[in-house]
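**Q** Residue-level listing of the chains:
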Amino acid sequence: MVIKRLICSLISVAFFGTGMLMPVQAAMVGTQAYLQTSDRQANIAIVDAALLRSDVQQQLADLGVDVENARQRVAGLPDRDLARLAEEIESMPAGGTSLLAVVGIVFIVLLILEVTGVIDIFKGR
Amino acid sequence: MRAAVAAAGVLMALAGCATGPSIKPTGQAVELTEVPFFSQQRYQCGPAALATVLVDSGVRVSPEDLVPLVYVPDRKGSFQPELKAAARRYDRLPYVLAPEPAALLAELDAGNPVLVLQNLLFDWWPQWHYAVVVGYYPDRKQLVLRSGTSERRIESFRSFFRSWQGAGNWAVVALQPGQIPASAAPARYVAMAAESESLIPASAMALVFEAGLQAWPDDADMAFAAANHARLQGDPVAAATRYRQALRIEANHVGALNNFSDLLFTEGCIASAGTQIAIARGLVPAGSPLDPVITATAEAIEAAPQTQDEGPLCDRLTSSSFRR
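Sequences listed follow chains A and B, in order. The numbering used here puts the first residue of the first sequence at 1, with every later residue one more than the last. The numbering used here puts the first residue of the second sequence at 126, with every later residue one more than the last.
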């Protein structure tokens, strides 16, 4: 119960408010628009790298989730969700051999899947 | 599956408790005794805290002046974007610190009071509070804050950093235009400048970009941002110089390639514009968010009636007389 609440509040903090800012269709790219798109590319790369880890792919396979599908969905996430995911992944303990790191990765994978709509485990009954 | 999530959640939570923020500040105690104090009225910690940092940075303002700008009566509080917006109204740049204790302490070391958001209760029952950190004592593991009605509130590292973490480690300093924060990183600084660009007078923004380029002469995004600013201010020669600077640092900077090309096109330097945009087109895959803009620029250039550099400024825009 407490756990569920923790997770729900995590989600609501993490993924509240989105809205993708595309550069306007003009010949000059504004500084802010450019910075957001380049952040976006960097964040996609971070999340993608996590999805390509063998331990993460193992977890995805165990859950019966198609990796390619998940990667495509990640590429379509709104900027803010993507930034948040990348931040979570970046803050993981380095190395990735400890139990904690693996559990952390699983947690992130589940978050990714929730956000991308592959599964909806966090929407409790 | 639910169990797996729960297990992950528990372990993550435990990890959070076990590690916590590890703060090992060394060196001198700092207390910025000259930072003014404004006692908060009722729930109005936002205006009081903001006035504290603004006055310290040389603005003549009182919390009462700020109430209509930042205080939301229904919520009995203020929101972070409004605090930032209000700082800009007084020509100060709100620089949000990297969310780490080290950044906060570095600002104090440099003499900058830091406006912080704290959560004084729990994640699930938050009580938000704004205060200003004005000093710290490493030996006693204590911080000094202007907070609420207390002019010199002492908080332990442990309790402060927990309440601060509860608010996402949100902290901001109010910069004078041209001032570089002690903890600054170029990406954060240039993002701050871009966010403030249309809200602060152009002359002040010029100082912001100048200082940024001086601090980080090898940052392509900084040069790109400064170039865009110069262009919007109607200075094509300065803009071209900065675009070329950005491209010397990072030859594949797609934003600089596109904007430099667009500038050259606008000034009638069609051939040079075509050269730049061709490079950009080769770098950006279809479906990239920048693809539509680059395609638009390229199509405009292709549709141009002439194909030469005929504009009067072309020589100056394309020559590398930058080090003059």
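Possibly wrong hints are sitting among the right ones.
What the hints assert, rightly or not - Below, a sample of chain A positions facing chain B; criterion: calculated Cβ distance under 7 Å: (1) V29; (2) T31; (3) Y34; (4) L35; (5) Q59.
No lab work stands behind these hints, which were simulated from the structure alone. Beta carbons: idealized from backbone N, C-alpha and C, even for Gly.
**Q** Taking the hints in turn, state whether each one holds.
**A** How the hints compare with the structure:
no.	hint	in the structure
1	V29	holds, 5 Å
2	T31	holds, 4 Å
3	Y34	holds, 4 Å
4	L35	holds, 6 Å
5	Q59	violated, 9 Å
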